[in-house]
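Trainee: Residues per chain are reported as follows:
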Amino acid sequence: MKASILRFVLKRIALGLLTLFIVSLLIFAVTQALPSDPAEAILGREATPEALEALRADFGLDKPIVVQYTNWLSGVLTGDLGTSYATSTPVGEYIGPRVGASFFLLLIAAVGSIPLSIVIGANAALHRDRKFDTTSSLVSLILAAMPEFVVGTILTIIFSTTIWQLLPAVTYLEVGAPPWSDIQGLTLPVLTLLIAVTPYVARVMRAAMVEVLESDYIEMARLKGMDERTVLWRHAMPNAVGPAFQVIALNLAYLAGGVIIVERLFNFPGIGSALADAVRSRDLPVIQFLALIIAAVYVLTNLLADIGTVLVTPRLRTRLK
Amino acid sequence: MGVKVSSASGLRIIDLRLNVAATGNDIVDGINLTIEKGRVLGLVGESGSGKTTVGLAVLSHARRGVEVAHGQIFCGDTEVLCLDSEARRKIRGGIVSYVPQDPASSLNPALRIGLQLTEVLEAHDFGGSTEARKARIKEMMAEVLLPGDDEYLERYPHQLSGGQQQRVGLAMAFACRPSVIVLDEPTTGLDVSTQEHVLKTIRKLTRDHGVAALYITHDLAVIADLADDVAVMYSGRVVEQGEVAEIFKNPAHPYTRHLVAAAPDIASKKSIIGLAGRAQSPGKRPVGCAFAARCELVEDACRVEFPKMVAIGGRQTAACIKATQVASVSVGSAKPVSARKVGEPVVELVSVSAGYSGNTVVHDVSLTIRKGECLALVGESGSGKTTVSRAIGGLHREWTGLIRLNGRELKTMARQRAVADRLAIQYVFQNPYGSLNPRRTVGDSIVRPLVIDGKSKDDARRAVLDVLDKVSLPGSYANKYPDQLSGGERQRIAIARALVSEPEVLVCDEVTSALDVLVQAAIVDLLGDLRRQLGLAMLFVTHNLPLVRSIADEVAVMSEGRIVEVGLSESVIGNPQQQYTQSLISATPSIERSMR
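These protein sequence lines map, in sequence, to chains S and Y. For the first sequence, position 48 matches number 48 in the numbering used here, and the numbering has no gaps at all. For the second sequence, position 161 matches number 161 in the numbering used here, and the numbering has no gaps at all.
It is worth saying that the hints were derived from the structure and are not from the lab. There may be inaccurate statements among the hints.
[Said to hold, decoys possible] The list that follows gives simulated cross-link-like pairs (lysine-lysine, DSSO-like), each with its CA atoms no further than 30 Å apart:
1) K284/Y - K480/Y
2) K322/Y - K284/Y
3) K2/S - K138/Y
4) K138/Y - K200/Y
5) K270/Y - K200/Y
6) K200/Y - K2/S
Remember, it's a predicted structure, so these values are computed and weren't measured experimentally.
Turn these sequences into a full structure, and let the hints guide you.
Mentor: Below is the structure:
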């Protein structure tokens with residue numbers, strides 16, 4: 001039993017790594033192989049051909065594309081991420097703290113939104129067609145329909161500019177400082193991300209829960225004298241979270257991309273702003289690494305969701321060999 | 001427990017009425033039932049008659065959209081309908097428990113069976129300690145003949161067979177020693193041998209522990225086998241009740257009489273007789289006796305008010321103003337059985353084996369289906385009977401051997417076969433709710449094969465009207481959508497669709513198993529007529545052994561993918577030679593056998 005689960009997890013991890021390898025090929029193809037010249041982007045149009053040539057040689061851009069790729073991949077695997085073209089600092093040193101800050105933002109949004117959406121969805125299902133359900137459905141639909149930059153702007157108007165001046169409109173966070181050192185500045189970005197994810201997951205949770213609550217085994221649980229709390233948490237929840245896991249995973253992965261806009265809006269020093277800067281200056285090593293990180297978040301959240309679904313579904317778990 | 005043990009009465013339902021909450025229309029009304037301790041009352045009726053609604057009310061439960069209008073229900077001394085929610089929770093599973101229809105969907109798939117058993121005991125403070133509860137579970141598991149060791153209790157429901165799941169359901173129901181138990185079709189969907197074991201367990205537990213049991217079913221033979229008393233429901237009312245022997249030997253309500261006449265019986269050669277029409281749903285029910293529209297004894301007085309219960313004698317009562325005259329009237333007449341002429345072989349199977357992704361599930365099956373005759377293919381679930389029928393219909397990919405149609409060898413899949421061969425073999429599916437496209441009128445569904453065949457519009461239209469007539473439906477039905485039809489009507493449409501391409505062979509796969517007994521009898525009757533008039537060769541696949549005598553000339557019994565016995569229906573069912581067939585037949589409940 002235990003060994004079978006371990007084998008399943010290892011297999012999924014291997015598949016995830018394979019996915020990342022293919023993604024790395026694609027990333028490399030669309031960045032390095034495309035006819036865009038970082039040397040020219042850095043030195044400007046007036047640069048002499050000799051200077052451009054020298055810079056390309058410096059970056060290794062004059063080598064065959066396969067060699068460039070293997071050099072890059074072996075670098076990534078050994079932790080040598082190359083040097084940022086634009087800032088001339090090692091990519092790891094430049095990006096590392098920003099990745100940490102963004103992950104922190106993402107983690108808080110996830111830790112907040114998952115239980116929140118489960119509780120809202122479950123309660124809406126339990127009080128189906130009553131006030132809580134209709135209100136939460138309407139509100140979540142409105143919130144889900146708004147893009148996060150609109151949500152962020154509205155939050156800024158409410159909490160930091162026009163109505164109340166409670167919170168700073170931008171984050172004053174030094175790069176490299178721990179993200180929790182500016183709790184106030186963190187509040188609005190986290191809130192924006194929460195609002196971006198929670199309504200949708202809550203709606204999915206409600207749908208899954210409504211279906212479960214209509215099932216024969218829930219009626220049976222009531223008919224054998226279980227109290228409502230046991231019915232909800234012991235009998236209904238394990239059957240409803242399985243389907244919700246997949247949606248939560250997709251949403252968190254989406255957040256990894258969505259975080260870019262939110263970070264820009266609040267001037268948060270994370271991967272979002274770094275990526276935007278890097279694209280502008282054709283900073284290939286940074287772009288490639290960030291793209292790989294975002295892809296890894298997708299792979300990882302989906303991996304966790306698949307494993308989670310199997311773990312909470314005995315029918316799937318016992319089938320593992 | 002039991003401060004004051006009341007005399008003999010386990011369950012009393014007094015003047016119970018439940019409504020559709022939104023409209024106030026009655027779902028059931030005027031229900032009065034008494035079940036003494038240690039006795040089983042069988043509640044019979046067709047789907048929609050309100051049996052389950054009554055059963056759930058005994059646990060003080062009404063489904064979404066249903067509400068109790070008035071009435072009282074006493075489980076022992078406790079009136080259950082007036083309880084507050086905490087008291088209600090206490091009695092459920094405590095003094096009154098429920099065994100649901102489908103054990104597979106009623107056990108929680110995410111929880112181990114041990115936990116699902118333990119929590120009932122915990123919720124009712126049964127047994128003072130964890131050890132005492134463990135001991136009680138072991139005891140209960142032993143009573144339902146299941147192992148009670150830790151390994152077994154740690155299993156999840158999907159790791160048990162259907163019969164084992166239902167025994168767990170029974171163990172759960174009896175765990176807290178209830179005084180009343182409601183069993184809602186607990187053996188529907190189980191094979192006969194499994195059903196026999198479950199029924200035995202129910203009988204033993206109710207007798208041994210003095211439990212009053214309400215057993216809900218549509219299967220009269222099960223009632224005859226198991227119950228002490230019967231109540232017959234029609235359109236939300238109890239129309240007749242009494243002791244089992246009284247009701248089955250001398251049914252006093254015309255509806256009961258029709259039910260008995262329509263029920264096939266393994267122990268008799270009787271032909272089954274159906275009845276046209278159907279019961280109306282709540283809100284559309286007529287004033288007076290709801291059965292009046294279908295009754296041959298109807299008179300004006302029947303339509304004025306619901307008839308009072310008339311005492312027939314003994315404990316038998318019936319809600320019919322002509323109850324005393326019913327016995328003198330015969331319900332339709334059975335068609336004379338013509339002497340059997342052995343027809344030409346139309347379909348021959350020679351050493352057919354079939355499987356799924358490499359696993360062979362059908363071994364070396366050889367069969368002959370003859371012109372104008374019906375061959376019944378019977379067996380328990382998983383015996384391979386449907387796989388054989390699908391191979392004949394060209395719906396199964398993995399089979400070897402030979403299938404011949406009029407001497408010509410057939411290709412594996414329907415789409416590889418010649419158009420004429422495809423048209424010659426038509427398939428009717430089990431579930432008429434799933435086999436008709438809900439977005440097409442039934443006329444469009446029927447006409448489809450003709451359109452593919454390139455017939456003109458007029459010809460096609462005439463053909464549709466013709467087949468509708470053959471299945472005894474008016475031509476106006478061509479413009480209806482499937483959801484406007486009853487189950488029986490849908491199955492007639494499915495048959496009409498098969499007939500429209502003028503087939504030589506009709507493969508009927510469990511075509512009556514989703515239907516009520518009166519409708520089943522009518523469909524069987526229709527299939528018999530069609531076979532005689534059109535000279536159809538028919539393969540009738542079923543798990544319902546009693547039905548075989550009523551429909552088939554020959555029968556082949558399948559078990560574990562092999563034909564174990566084949567021969568004339570009369571001799572195979574009446575005098576089975578193989579041990580397997582004998583055990584199947586003795587496990588099948590029978591009214592006749594029970595009444596002897």
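Trainee: Each of the hints needs a verdict: does it hold here or not?
Mentor: Status of each hint after checking the structure:
1. Restraint check: the Cα-Cα separation between K284/Y and K480/Y comes to about 20 Å, which is no more than 30 Å; the hinted pair holds.
2. For a cut-off of 30 Å, the pair hint linking K322/Y to K284/Y stands: about 24 Å separates their Cα positions.
3. Under the criterion of a C-alpha separation no larger than 30 Å, the hint pairing K2/S with K138/Y is consistent with the structure, at around 27 Å.
4. For a cut-off of 30 Å, the pair hint linking K138/Y to K200/Y stands: about 19 Å separates their Cα positions.
5. Proximity of K270/Y to K200/Y is assessed by CA-CA distance (about 27 Å); at most 30 Å being required, the pair is judged to hold.
6. The hinted pair formed by K200/Y and K2/S fails the criterion: a straight-line CA distance of about 40 Å is larger than 30 Å.
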